[in-house]
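Required output: the full structure, derived from the provided sequences and hints.
Number of protein chains: 2
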Amino acid sequence: MTEHSVDSNRTCPVGRSLDVMGDRWSLLIVRDAFDGVRRFGDFQRGLGVARNILADRLRKLVDADVLVSQPAADGSAYQEYVLTRRGESLFPVVVALRQWGEKHLFDRGEKYSRLIDTDTGKPVPVMTPRTAGGSPLPPAQTRVKKVV
Amino acid sequence: MTEHSVDSNRTCPVGRSLDVMGDRWSLLIVRDAFDGVRRFGDFQRGLGVARNILADRLRKLVDADVLVSQPAADGSAYQEYVLTRRGESLFPVVVALRQWGEKHLFDRGEKYSRLIDTDTGKPVPVMTPRTAGGSPLPPAQTRVKKVV
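These protein sequence lines map, in sequence, to chains A and B.
According to this note's numbering, the first sequence holds residues 10 to 157 in order.
According to this note's numbering, the second sequence holds residues 10 to 157 in order.
Everything labelled a hint here was simulated from the structure, so no lab data went into it.
Warning: the hint list may mix true and false statements.
As the list makes no split between identical chains, a pair holds if one copy fits it or if it spans any two.
[To be verified] DSBU-like cross-link-like pairs, simulated, lysine-lysine; straight-line CA separation at most 30 angstroms: (1) Lys131 <-> Lys120; (2) Lys120 <-> Lys154; (3) Lys120 <-> Lys69.
All values reported here derive from a predicted model rather than from experimental measurement.
Shown next, in the form of C-alpha cells:
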C-alpha cells in the first residue's frame, strides 16, 4: 500500500479539484451552465436550491475562475454567469459523472436524459482513460506516483 | 435555452450520480481506495477526517454498492473496504477530476502527484469525450436531450 498522509492531499490534483468543486451544488450549477443556463433565476428554478446557497456557490465559482459574471447579452439589466475556459474544461468531469449514473443508477426501462453529439444525433460514446496507444486503461494498470 | 425544472434533476444521470457521490469525502475515499487503501484507520490517517464522518461516508458507500466491507485478506480481525465493480467504474470520474486539477490548480513549478500507466511508466494521457469516430468532442457539439 502506498504511504498516505494528510500532506499528500495538498499535492494531489484530485484533492485540489474537490477543494474547488467538491460540492453537489457547484457541480450541478456547472452542469446547467453547459446546458445553456445563464441567469440566477433560471439556475434557481432549475435546481430548486435556496437563493442564499445559490448566491454563495455562484460567488465561489466566480472567485475560482470557473464562471464569469457579465452583463446580459440581450442588453437587459440581468447579470449572466458564463463558463470560463477553466470552467469549460470541466466537461470531462460532467460527462464522467453522467456516464457513471447512466450505467449504474437507473432501473431497467427507467428513462433518463441523454447527452447527444449534435453532428450525429447519437449519444456520446462512453469515455474512458486510455493508454498512449489508445487502448482502454484499467485502474489496475495505473499507480499514483507521489511527490517526494 | 433548454427548459429546466426541478423534475429534470430526477431524470438527469449527473444529478443522480451526485446524489450518491456529490460529497468531497466520498470522492476522496474512492480516490484512496483506487490507491490501495482498505482499512478504516488508513483512510482516517490519510484523509485527516473525523472518525464519525468517515464512518458515515463508508457506510453510505457500502449501502450504495460502491464499496464492499469484508474480512481482511491477511486473516486479521480488521474489516477492509474494497471497491465493487460499480465503484471501480468511477475510475473516469477520478481521472477527470485529477486532470482538471493538474491543468488548472497548480502554480508553475509546483509539484503534484501523477497517475502513471504502469506498462509505460508515463503519465496517463489526458482523457476527453470523443465522437464515435474518435475525435475530441467539444461541449459546443453536444446537447442534452431531456426525457419528455
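Here is what the structure says about each hint:
no. : hint              : verdict
1   : Lys131 <-> Lys120 : within (16 angstroms within a copy, 40 angstroms between copies)
2   : Lys120 <-> Lys154 : between (41 angstroms within a copy, 11 angstroms between copies)
3   : Lys120 <-> Lys69  : between (33 angstroms within a copy, 25 angstroms between copies)
The structure meets every hint from the earlier list without exception.
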